[in-house]
Each structure stands twice: as structure tokens, then as C-alpha cells.
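Line order of the protein sequences matches chains A and B.
Going by our numbering, the first sequence opens with residue 1, and the numbers climb by one from there.
Going by our numbering, the second sequence opens with residue 1, and the numbers climb by one from there.
You may find that some hints are simply not true.
[As the list claims (entries may be wrong)] As a list, the in silico SDA-like pairs of lysine to any residue whose alpha-carbon atoms are at most 25 Å apart: (1) K124(A) <-> H14(B); (2) K83(A) <-> Y10(B); (3) K177(B) <-> K160(A); (4) K137(A) <-> K180(B); (5) K160(A) <-> F65(B); (6) K177(B) <-> K83(A); (7) K83(A) <-> H155(B); (8) K124(A) <-> T235(B); (9) K180(B) <-> L143(A); (10) K137(A) <-> Y10(B); (11) K137(A) <-> G227(B); (12) K80(A) <-> A220(B); (13) K137(A) <-> I261(B); (14) K160(A) <-> E232(B); (15) K179(A) <-> L273(A); (16) K73(A) <-> K180(B); (17) K51(A) <-> Q211(B); (18) K83(A) <-> R215(B); (19) K177(B) <-> K80(A).
Hints were generated in silico from the structure; no laboratory data involved.
Next come the chains, spelled out residue by residue.
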Amino acid sequence: MNKDIVRIHNLSFQYRPNEPYVLTDINLTIKEREWITIVGHNGSGKSSLAKFLNALFIPDEDGEVYIYGLNTKERQNQGKVRKLVAMVFQNPDNQLVAPTVEDDVAFGLENTGVPREEMIERVKESIKIMGLEGFEKQEPHRLSGGQKQRVAIAGVIAMKPKVVVLDEATSMLDPVGRKEVMEYIRRVHNDVNMTVIMITHDLNEALFSDRIIVMKEGKILKDAPPIEVLRDEELLKKSLLKPTFEFEVQSKLKEKGINLFEISPQITNQKELVDALCTWKQKM
Amino acid sequence: MLDHIIIGQYVPGHSKVHRLDPRAKLICLMLFMVFLFVSRHPLSIGVALLIAVLAFGLANVPLTFYLRGMRFIAIIIIFTFLLHLFMTKEGPVLFTTPIVTIYLGGVLEGVLVGVRLLLLVIMASLLTLTTTPVDLTDGMESLMLPLKKVGMPTHELAFMISIALRFIPTLLEEAMKIIKAQMARGANFTQGSIWKRVKAFVPVLVPLFVQSLNRAEDLAIAMESRGYEGGEGRTKFRILYWKRMDTIALVILTLYSMTAIFTRFLM
Ligand SMILES: Nc1ncnc2c1ncn2[C@@H]1O[C@H](COP(=O)(O)OP(=O)(O)O)[C@@H](O)[C@H]1O
Ligand SMILES: [Mg+2]
């Protein structure tokens, strides 16, 4: 069995005393190489939770966060944890620091004192993985949103972390940019063997994941494989999430007495939906 | 319109001057500026002219780039020329009018000051025209390094400049967006008294400022999560290479400095 890479135990959190809890009693385990999607409407506590994963936030007395067995409460672990868990944020303009693409990819490596020869190798490698060859000398403001996020991801994987946390990394992009970035995240997961924790409120982006974690008001409502979550209309309504197109069609048809689920229990994309509809038509 | 500001002064190229180490260019420019004002003798002014012509020729940057924004400088040069022309009362009288008398000394002094200013502007533009802002910052950081010993935060200073340079285009883009949004709501930036126009910019600056603060916070979090902890224990991706051309440039400027000193103080 794969190793536990993230273990969160009874984590509760409020930004200031006397304010409502932003996270309440979170328990969560994530294994190496998993792809986890965290969904929830605005203000449900996703970003706050994410900041605990790389020791930007530290739990107070009760709760505990272990990354690769390292307790983030201990000061000497915090630097190591930041190296193990890398973060990509929402706004592509607010996370690129350096004047050119290659400088930005190198930024994290410079910070951690990686020798220059190794740095050059790793920058080149990450740029290649993220398909940014030819853009090395480009200035960030000349890139599209999707390209900027790819640069941010390249900067993160150059550090060779174990986990990449993407906090709504696609939510400010246009549909083309989203698709492009998703494609590269999948590559990071499959080819570079990283654990991916993706935060989003678009359920379409959750389809590839091993598990979906649904959050509402600082609590985990459900932690289950995509199909189970997507089919749970009650849950989606309760957590104010928009079902994917395919599932919306299925539930509307069900209201009319057509149960596609009996024909095909796994409809996640349009092709499968069309196939199921054709099969149903033939059976008529 | 924005593109012009965004690129700034730099004109991409691969000339000998472009490829000089920014440190060499900065030191050379400094030497040139200092000793240009020491130069009075025709010989050393001549050498300065020669250096400027050489640099200008090698840089291969079209003349129009120098002329951009030259109008203001030209006014200053003409003004100082006239000032010296009328105020200097040395040497033989060239001609007299009821209002002023022009002396030969005045003409010479005016030309000298004019040429000095012109050379200065050309060489300074040459630096910004042939060096990317990034290289300039790197060069400055590296030259300031000795000051670190006396407690000057050289890395932080250079890093500040480089972040500022990185975000100028982003902020300009944002400003344009806000201006358009305000125009759509009926704001008018091009008509009315100066006071009215200035006032119209307040609703642009306030959101721009607020957004910049948010941006700063985001950026700080992103930097921290990427392990930034100041200059201590940091390695560098960019390094500067000192080449033979740089030594040659430095030697030429040293020779010029010596000429200037010699002709001014020893002849
Ligand atoms: N810096 C902060 N100070 C105080 N409250 C905050 C801060 N950041 C977020 N919150 C509050 O915490 C709650 C959860 O926010 P967040 O974790 O950002 O949710 P999400 O990422 O799911 O939108 C929200 O109610 C938000 O108002
Ligand atoms: Mg958030």
C-alpha cells in the first residue's frame, strides 16, 4: 500500500479568536500518488485548509498536520515541509516574481541554495515538462493566462516536491487556458509521479481524480470517488455545487422516467452519454 | 500605446555594445561622466567625441531611438549654450549689439558645455538602449556588493528594483482596464480644466492602490511558499561573464580619464 503523505488530525481553525471557525474538526489522509480534488463553494475553507498543507498555517493545540510523518508544529520541520508540498495559486499575475520565464522557474531553487549547475539542469527539465521550450527568455506579462500558470507549475516542480497543491489554479483562466493547464497537471501526475491536490469549484475538473472531497462551512461533507459524488444530487444541492452537464442530463431524464444509469453506470463525458442514449434508443 | 512604455528603452540586438557586461558598461559610463566634466582641452574633448562615435557606431541602434524624448534635452542644451554665450565676458569681442556683446570666450564656453551635455545624454541613452533592465539591476547589485560589508542590504535593494520592473507592465495594464471601466461610466480624462482632469484620475488611483496591496499580499505568500527567506544562503541563476571586450572597454575609458586629467591639470 502507498504511504500516507498527508495526515490531518482533528484540525480546527479560526482566523481570530471570537470569530466563527473556518475549519472544524477536519480529518483527512492522502496517500502518495493520489489525485485529490477538493470542491466547495466560496468561503467553505478550501484555501485555509490548503495553507496548512505546507506549513504556511500551523495548527494550534488540538489539531495536527503530518506531512510525510513530519509534524508541522515543530519548527525544524517547517522548511522541509515547504519543500515537500508546493503550492500554485489562483491569480497568475500575483505569483510570478522574476523578469523572465526561466528566472522564475529558477526562483525557488535559488531560494533553497541549489548549486548553479544543478539549477540549470532542473530549470531546463521543468520547462520541458511544462511544454515551455522557446519561452525561456519571455517576460511574464507577454504570456497568456494558461502559459503563466504553466510557468508557475514549472517553478514548483523544479523544486521536486512530493505534493503539488493547486488552489483554484484554473479559475481565472478562459476555457482554453483551463483545458491546457489541466492537460499539464495530468502530465505532472502521470509522468512525474507527483501527488496532486487540486482545489476547484468546477466539478468537470474533478473527474480525473481518485477522490473528491466536498467541503461546506469548514467541514468535510463527503470524501468519495468522483462517480459517487457526482451522482449524489442531494449532496451537490446542499453544498451549492453545479453538477456537470452529463449528470444534469441524466437526472433530468430520470425525472422523465428514463434511467440511463441502468444502461451504463459510468457516464462521465459526452461520448459516454451519447453512447448510453443510443443504447437506450435501440432498446425501445 | 502601452507597448512603448512596457519595452522601455531597450532595443534588442547583438552588437558589441549590447554584449558588454553590464558592470563594464556602468563603470565606463561613470568614468565617462566624471571625466567629461574635467575635460576642457580640445584633445580630451576630441577623445571623448571619438569614444562616443565609436560606441554609437558599434551599438548599431537606429538614430530615431536616441531622438525619442530628446526634445526636452535639446531645450536644455540650447538654453545652457545661450546662457554661456551671453554671460561669459572673456577674450576678444566678436560683435556688439545695443543689447548684448558677444565675446569669443562665450562662444567657446557655450560650445564646450553644449557638447559635454550632448555626449553625456548620448552615452547615458546608449546604456539604457543596449542593456535590459534585468541586466542593469544585476550589474548594480554586483557593483554594490562591497557595500554589503558596511550593512547595506544590497540583495534586497536589487530584488526590490527587479520586482518593481516585473510589475510595471502589469500595473499599467490594470490602470488601462480601470480607466476604460471609468470611461464606460462616463468619466472624462481628456476634457476640462487641468484640475478637473486630475480629479478624474482619483477614481482610477484608488482601486489601483487597493489592488496593488492585495497583489503584494498574494505575492508575499507565493514567495514564502517557494522558500524565499531573504538573501542569506541564496544561490544565483543568472551570472555575469566578464569577457575580453569588457576589459578593452575599461582600458579605453581609463586612457581617456588619464588624458582628461593630464590635459586639465598638468599641461
Ligand atoms: N485572512 C483572513 N482573515 C480573516 N478571515 C479570512 C481570511 N481569509 C479567509 N477568511 C475567511 O475564512 C473563510 C474561508 O475562506 P477560504 O479558506 O478562503 O475559503 P475558500 O478558499 O473555500 O473560498 C471565509 O469565510 C473567509 O471570509
Ligand atoms: Mg480560495
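List of violated hint numbers, smallest to largest
Structure breaks hints 2, 3, 4, 5, 6, 13, 16 and 19.
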